[in-house]
Structures are given as C-alpha cells and as structure tokens.
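Those protein sequence lines, which keep their order, are chains A and B. Following the numbering used here, the numbering of the first sequence begins with 1 at its first residue and continues without gaps. Following the numbering used here, the numbering of the second sequence begins with 1 at its first residue and continues without gaps.
A portion of the hints provided could be inaccurate.
Pairs of lysine-lysine, DSSO-like flavour, derived with a Cα cap of 27 angstroms [what the hints assert, rightly or not]:
1) Lys12/A - Lys167/B
2) Lys180/B - Lys116/B
3) Lys90/B - Lys125/B
4) Lys125/B - Lys109/B
5) Lys12/A - Lys74/A
6) Lys12/A - Lys90/B
7) Lys140/B - Lys154/B
8) Lys12/A - Lys92/B
9) Lys90/B - Lys140/B
Computed spacing ranges between beta-carbons, pair by pair [claimed, not checked]:
10) Thr46/A - Ser110/B: 25 to 35 angstroms
11) Val80/A - Ala170/B: 53 to 63 angstroms
12) Gln123/B - Asp101/A: 33 to 43 angstroms
13) Arg16/A - Val143/B: 28 to 38 angstroms
14) Thr39/A - Gly220/B: 11 to 21 angstroms
15) Ala170/B - Arg16/A: 50 to 60 angstroms
16) Gly55/B - Thr46/A: 16 to 26 angstroms
17) Gly185/B - Trp45/A: 24 to 34 angstroms
Rather than coming from a laboratory, the hints here were simulated on the basis of the structure. All C-beta atoms in this analysis are idealised placements derived from N, C-alpha and C, irrespective of residue type, glycine included.
This is what each chain is made of:
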Amino acid sequence: MSDSAEKAVDLKSYIRLCGVIFLVVLCTTSAMIATSYSTHLGADWTGRVAVILGIAVINAFLVAGYLMHLLSEKKLIYVVLGFTVFFFIGLMGLTLWANCDYPLTGAVPR
Amino acid sequence: MEIPYTVENRPDTGIYNAKVGIWLFLASEVMLFGGLFSAYIMLRVGAPDGLWPHGWLDVRFGTVNTILLALSAITTLLAWAACKVRDFGKFKFFHACTILLALAFLGIKSYEYHDKWIHYEIQLKDGRIADGHLEEQTDKEVVLHGRIVAAADKKLLYDLRSQPDLKLGAVRIDRADIVKMQNYGPWHNTFTAIYFTLTGLHALHILGGTLVIFYLWGPGSKMWLTDPERFTNRIEVSGLFWHFVDLVWIFLFPVLYLT
Chain A
1 MSDSAEKAVD LKSYIRLCGV IFLVVLCTTS AMIATSYSTH LGADWTGRVA VILGIAVINA
61 FLVAGYLMHL LSEKKLIYVV LGFTVFFFIG LMGLTLWANC DYPLTGAVPR
Chain B
1 MEIPYTVENR PDTGIYNAKV GIWLFLASEV MLFGGLFSAY IMLRVGAPDG LWPHGWLDVR
61 FGTVNTILLA LSAITTLLAW AACKVRDFGK FKFFHACTIL LALAFLGIKS YEYHDKWIHY
121 EIQLKDGRIA DGHLEEQTDK EVVLHGRIVA AADKKLLYDL RSQPDLKLGA VRIDRADIVK
181 MQNYGPWHNT FTAIYFTLTG LHALHILGGT LVIFYLWGPG SKMWLTDPER FTNRIEVSGL
241 FWHFVDLVWI FLFPVLYLT
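For reference, chain B alone in the conformation it holds in the complex (with noise of 0.2 angstroms):
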C-alpha cells in the first residue's frame, strides 16, 4: 500500500503530510520547553535577594555551544539544499559534519555535567561551609579544590561573577568535622534543578536528532536510489527538528549563561 502524499503536496494544505506532522510537532514543543522556561522565571523571581547563582556556568563551553550548535544548523540546510541539487555526495559531506557538531555539543555538556557532579558544597560543624572540586577522599579525610567561607559570607558562594580574582586552593577537611556533603546536583538547589531540567532534556533532543540523522546519512540513506525526492523531505523535516533544537539553544545560552 502506498503511503499518500509523501511526495506531492496535498492539494487542500499545500504541504507534504510529513511537513505538517513536523510542525505540529514542533508546536507542542515549544509549549514544553515553555513551561520550563517559565518554571525558570518563577523559581527566578522567587529567589531570595543574593541566593541566585551568578557566574556558575563557564560562558566559554556556553559560547563553543552555540557556536556547534549554529554550525550544525547550517550543515543541515546545506545537506538539504545539496539533495535538491541530487548531489549525493556533498549530502553525505554535510550530514557528516552535522553529526560531529553535534557529538562534540554532547560532549562539552557532559563535560560541564561532570564538573557539577564533582563540586561539593560540604556544611562544617563549626558554621562554616567549603566549597570546591572534590580532589580526593578517603575514610578520614575529604580534598577539595576551592575555598571555606563563614556562614554570614554564604552569598559569596552564590554570586563568583563579583569575584573575578578568586583564590582557591587545597582544603583538607576531617570527615568528623562534616555535618552534610553534597554535590552539585539537580537536587543541590532550585537553580541546579532547572539547569539540569533544561540543559538535560534540551540534551535529549540533541541526541534524538542525531540518531536520527545518523540514521539518515548511514543505512536510511539507501532510500536515494529508489526515492530520491522522499529521501530529500526526510532531510527536510529532520532538518526542520535540528533548527527547533538550535532555536531552544538560542535562548538557552543566555538565560542560563549570562543573566
């Protein structure tokens, strides 16, 4: 049985059948990353003065993100205009590159994933709270990289932007002297938790629309030799998802990064 309208538009949209499902798709999209977003604002407006990170995210990896991540988009269109034109192999080029992209955005978050998990915040008995990498631990005694300061400085902690000539170094503490140790997880606070929330699922997209493009450019692809011109929608509407990706990074980037 032949699928209708794969090809040809339908005569009452104007549009291929899949193109309209993208769309519709992508619409409920951004009503769930807009929930988030606003989640984002409330947990945002509703911090205490002083108790809002600033400064915690590297704006470097951010910025190398985002350029990938636009990159990649390009990539996209450049394969998708490459099978208008039936040039295969400039299509296998650009789809390619849009893969690598996007495994090295994967990899610059997991990266910054990794640095959150081994950031401690560790409460001492005597008030005071450290702060740093963790470096080492042992049954006695756990190393950080970072700092220790009073309880009354706590908003020190919150706001590192402020202190652009940080000095951090080693800090030994006795495992007798802890009364609580936690890392830099979604669970640390609202701000981890919604940066996990966001930066995860935006990260799940990605990840998504790379298999699927993987698939698209590896064993999908043998749909050239038979269907040339539904192979080239294919690309079309995954190309239309990878843009949607990008588009969330964009606002992504800032919200997270620099405010």
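With the rest of the complex left out, here is chain A (with noise of 0.2 angstroms):
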C-alpha cells in the first residue's frame, strides 16, 4: 500500500471502490456456485472445476490487486512475489509431474 499511502486517501472514494469490490465478488461466488451445479456443463468435471478455479483467480486479483494495494506496489514487492510465483508454480509443477510419473501397467519397478 505504500503508493497509495503516500497518496491522500479519500474514504468516501474507499467506500464506493469497496462497494463495487462486494457486488463482484457476490456475482463471482454466484457464478461458482452456479457452475458447480449446472447441469448444462454435461458430466465432465475437470472442465467444471477449471471454469470454478477461473472465476475464483478473477476474485482474487479483485482482493489483491484493489484490497491489498497490489496494483501500485514498489518493486521489491513485485521481487517477492515473483520469486514466490516462480517456487509455487514449481511446487505444483513437480507435485503433477510426480503424479504422471506412475507405472500405468501393473507392473512393478525393482
């Protein structure tokens, strides 16, 4: 928030932002709520679950980005968090990778 704190702040300005803020993430939950259940999106769940995590990335940029100040940070943030990026991803990367890496046959490595 550092930017944006050295900035004058406006509450009512803040309120209204927040405001807009609340309704979307209503409509985003709503909207997750709704695809999980839908029945026009056919039995296939990865699609479903990948449509739910979409709207869910959306809500959190809202949180990130406005919320926590994100979009008008200093760059040593930036730094961090691309570092923490780049060891999440691979945190996920391996976890996949170690999943597809299993022996599809029956057979048993020695």
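Two independent chains are provided; combine them into the complex using the hints.
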C-alpha cells in the first residue's frame, strides 16, 4: 500500500470502491456455485473445475490488486512475489509431474 | 533506542521495514498452503473412481463464510483508510466490524466441524453400512438419523450431489451388530483428513489474525495518541495478513465445497 499510502486518502472513494468490489465478489461467488450445480456442462468435472477456479482467480485478483493495493506497489514487493510465484509453480508442477510419473501397467519397478 | 524505519520508508527499498517483513512472511505462507493444496491434488487425483466425496459439505455455510470474509476484508481496508484520514472513531467502528465478522466465521466453521464430529459411519456384521448423525447411544444400541446401504452400494455414501431427494430417518442399531463405528473426523478418509487440515490451518490463521486485530482495536490503540503514523502502519500490516487469509479462503471454498 506504500504508493497509495503516500497519496491523500479519500474515505468516501474507498467506501465506493469497496462497495463495487463486494458486489463483484457476490457475483463471482454466485457464478462459481451456479457452475458447480449447472447441468448444462455435462459430467465433465475437469472442465467444470477449470471454470470454477478461473472465477476464483478473478476474485483473488480483486482482493490482491485492490484491497492489498498490489496494483500500485513498490518494485521490491513484486520481486518477492515473483520469487513466490516461481517456487509455487515449481511446487505444483513437481506435484503434477510426480503424479504422472506412475507405472500405468501392473508392473512394479524393482 | 529507537527502531529505525517504522514510519518513514527505507531509502533503498522505498518501504518501511514492517511491510517488507509481512510480505516475506506472506510469501512463506503461500508455500505452506501451496504444499497442502498440492497434497489435496495428489489425494484427489489418486482417489479410486467414485470414491471421492461430492456434496459432503454444506455449500450454504461455505457461501455465508465467503461473504463474511469478503466483508471483513473490506472493513479492514476501511479501518486503515480511516486511520489515514485521522478519523479514529471510524477506525474503531470498522475494526469492531472486522472482529465480529471473524467471530461469525469461526462460529459457522465450528458448527460445520461439530456436524462432521457427530456424523458416523457404522460397519455392520451383515456387511451393510449405516450412515448418519448420532442422535442417541446407550450400552445396548446406537440411534442415527440417516440410512443403511448395502456394501455393494457404498459409493452412494460418497456422491450426495446425485441424490438430492435423499430420504433419511431414524436408524436403530444393536451394539452387538457393530463391527466398526467411526465418525467423520480427520481419520475417516483422505477427504476428511485434507479437509480438516486445510480448513483447520486456515481457521487458526483467522483466530491469530482476530487476536492481533483485537489487540490493535483495544489496548494496542493507545499508540494512536503518541504515534498515529506508526499505528496506521501497524493497521496496514495486520490488514495485509487479513487479506491473505481471505485470499486462501477464496480458493478453499471452491476446491472443498464446489468441486
């Protein structure tokens, strides 16, 4: 919040911003629930999960970008988060890689 | 001795020290929850077909908790903004709202845990399985509000989403007929294990955050009189932690309740 912290803060404009964010969060949450229960998407859970998590990412962007003021942060914070994203992708990637590295036949390696 | 850079920004980083500290801490928290989310993926992908629960958690409670946390994130931001415009009264009001919303979240979470705690699966000697919420138990019998399924139909107990019109009733079971009786605690299966681990760790973060916010709202707010700028920075740092806790829930809710 440093950049914005240095600027003059207008409480009323913050209240308006928060109102908009809350409405969007309500809409995205409803969209996630509707996607989860929708019969139009068939039985394909992979696609459904992808859509739901995509909507969750929008929610997360709102919270991180506006409420945590990440859209107007200092370079150091971006560097820290860059490293975090790199290691997080590594963590998830290794998990998925390990999951794929599994004998498909009944053969058990010695 | 005065601690440097609690109010003014460091020339090299451009930020005050506590803010760098909280972001580094949050980075480590991302890896902590990331590890648990990756464990969830492994368990979910590795579950035998039809044996991963659907509909075990009440979406209504999850939705209400999502709204409560979103509101609390907003009141936290407004509490900081009130400090920036030097309106201590509004700060007190918004932070009191945050504390109340956090307590409501924890209350609902506790109710959900209790619901799982009194939910039992009972293996009977004839191979059937009784499943439901414990209503009463004596030395001779156990009474559940639930149903009995054949061993071949065990998958019915996992996919509650596909049985919206499920009829439940009182099930009386003689203790002599019971082979195994287990509640839906973390030990029940991999889903309950990861559910309690993820949500339990998140709830601990909520509890810790609430205690810090309560301190800053109550006894810690004395600093407002002596060093309002430093106090405002403390509110900002605690707010960043609180927003992170909200971020984690934004992913926990769909992953556990909706997919």
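So, going through the hints one by one against the coordinates:
{"no.": "1", "hint": "Lys12/A - Lys167/B", "verdict": "52 angstroms, violated"}
{"no.": "2", "hint": "Lys180/B - Lys116/B", "verdict": "17 angstroms, holds"}
{"no.": "3", "hint": "Lys90/B - Lys125/B", "verdict": "63 angstroms, violated"}
{"no.": "4", "hint": "Lys125/B - Lys109/B", "verdict": "35 angstroms, violated"}
{"no.": "5", "hint": "Lys12/A - Lys74/A", "verdict": "25 angstroms, holds"}
{"no.": "6", "hint": "Lys12/A - Lys90/B", "verdict": "12 angstroms, holds"}
{"no.": "7", "hint": "Lys140/B - Lys154/B", "verdict": "26 angstroms, holds"}
{"no.": "8", "hint": "Lys12/A - Lys92/B", "verdict": "17 angstroms, holds"}
{"no.": "9", "hint": "Lys90/B - Lys140/B", "verdict": "60 angstroms, violated"}
{"no.": "10", "hint": "Thr46/A - Ser110/B: 25 to 35 angstroms", "verdict": "34 angstroms, holds"}
{"no.": "11", "hint": "Val80/A - Ala170/B: 53 to 63 angstroms", "verdict": "57 angstroms, holds"}
{"no.": "12", "hint": "Gln123/B - Asp101/A: 33 to 43 angstroms", "verdict": "35 angstroms, holds"}
{"no.": "13", "hint": "Arg16/A - Val143/B: 28 to 38 angstroms", "verdict": "55 angstroms, violated"}
{"no.": "14", "hint": "Thr39/A - Gly220/B: 11 to 21 angstroms", "verdict": "52 angstroms, violated"}
{"no.": "15", "hint": "Ala170/B - Arg16/A: 50 to 60 angstroms", "verdict": "54 angstroms, holds"}
{"no.": "16", "hint": "Gly55/B - Thr46/A: 16 to 26 angstroms", "verdict": "18 angstroms, holds"}
{"no.": "17", "hint": "Gly185/B - Trp45/A: 24 to 34 angstroms", "verdict": "26 angstroms, holds"}
Taken one by one, the earlier hints fail for this structure at numbers 1, 3, 4, 9, 13, 14, listed in ascending order.
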